[in-house]
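Novice: Model the full structure from these sequences, guided by the hints.
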Amino acid sequence: PYGDLSAILQYCQSIPELIRYAALCLQRAPDIGAIIRAMEYDTSGKGHLLFEFLFSKLDKEIQMYLIETSILSSFNLELAAYLTGRSIDEEIVTALARENIFLLPLSPDSDWFVFNVKAQEYLWNHLHQWDRQQLDGLHQRASEWLGSQGEILKAIEHAIAATEWELAARWVELAAQEFLQQGHLVTVISWLGKLPTDLFIRKPMLSIIKAWGLIISQQYDVVEEVLQQALKAADNDSNPQKIIDHVQAIREFLSFRSKES
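Each residue of the sequence shown is one higher than the last, beginning at 7 in this note's numbering.
Hints may be right or wrong, so weigh each one.
[Claimed, not checked] In silico DMTMM-like pairs for lysine to aspartate or glutamate, Cα to Cα no more than 20 Å straight-line:
#	residue 1	residue 2
1	LYS160	ASP117
2	LYS63	GLU127
3	LYS124	GLU58
4	LYS238	GLU258
5	LYS248	GLU258
6	LYS238	ASP204
[To be verified] Label-pair ranges, simulated between beta-carbon atoms:
#	residue 1	residue 2	range
7	ILE21	PRO111	16 to 26 Å
8	GLU46	PRO114	34 to 44 Å
9	ASP137	LYS63	53 to 63 Å
10	ASP204	ILE21	43 to 53 Å
11	GLU179	ASP142	17 to 27 Å
Please keep in mind that the hints were generated in silico from the structure rather than gathered at the bench.
As the structure is a prediction and not an experimental result, all values here were calculated from the model.
Backbone N, C-alpha and C define an ideal beta-carbon position, used for all residues, glycine too.
Specialist: Now the structure itself:
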């Protein structure tokens, strides 16, 4: 009826993507009227009612799989298995991507998947009901896998999200020099700013990285203070002499610069 169609268009705000999801819901709903009546009470403005209905039709294990992997910007089956501990058949995941409701392929020939943006927002609502320990565990495993594959930027983001500071420091130490050389100073400073101050005592290489960041940003007057912090904590590094050598190299650079200016 025209009234039903009008209600659907109003709920979907005439957004083609939401209209498609509404059509899928109506195809699969035993009681179309119940779906339309429920739309009147959904004030999310994001079509969450539609995703809730379509999500409810999935197997429970697939539901958990989607919720857990929704912390990722993209994933393949290997990453998802490491993250979730669930071995889901490739055919099932590919079929989900073909439906283009929750997942879609990253590219036509790729074995990586991404989430539909609105569906991912819906899944995050489920995820945010989990306790902190569960979320941290997901982020930690994501960081471990991504870092092992050289995806250091994403690995750092997940380690910080998990408040796994030792893991975050490991990736920052590994990547910072290359990022600074490539001109990504703001990114490196952002990483350092998110780390707790006591971590710089346990990981003096972080102070060395900070010192180089200060030099690049021409904040020369505070470099020595950071170098002193690195020296005081040098014995906490597995190779204290490495810290001492870095401090000496930075001081020599500053001395040379001072003579040149």
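Novice: Please go over all the hints and tell whether each is borne out by the structure.
Specialist: Evaluation of the provided hints:
1. LYS160 to ASP117: 19 Å, holds
2. LYS63 to GLU127: Within the cut-off at roughly 18 Å; holds.
3. LYS124 to GLU58: Satisfied, since the Cα-Cα distance of roughly 12 Å is no more than 20 Å.
4. LYS238 to GLU258: 19 Å, holds
5. LYS248 to GLU258: Within the cut-off at roughly 15 Å; holds.
6. LYS238 to ASP204: Cα-Cα ~13 Å, so holds.
7. ILE21 to PRO111: 16 to 26 Å: 22 Å, holds
8. GLU46 to PRO114: 34 to 44 Å: 39 Å, holds
9. ASP137 to LYS63: 53 to 63 Å: 27 Å, violated
10. ASP204 to ILE21: 43 to 53 Å: 48 Å, holds
11. GLU179 to ASP142: 17 to 27 Å: 21 Å, holds
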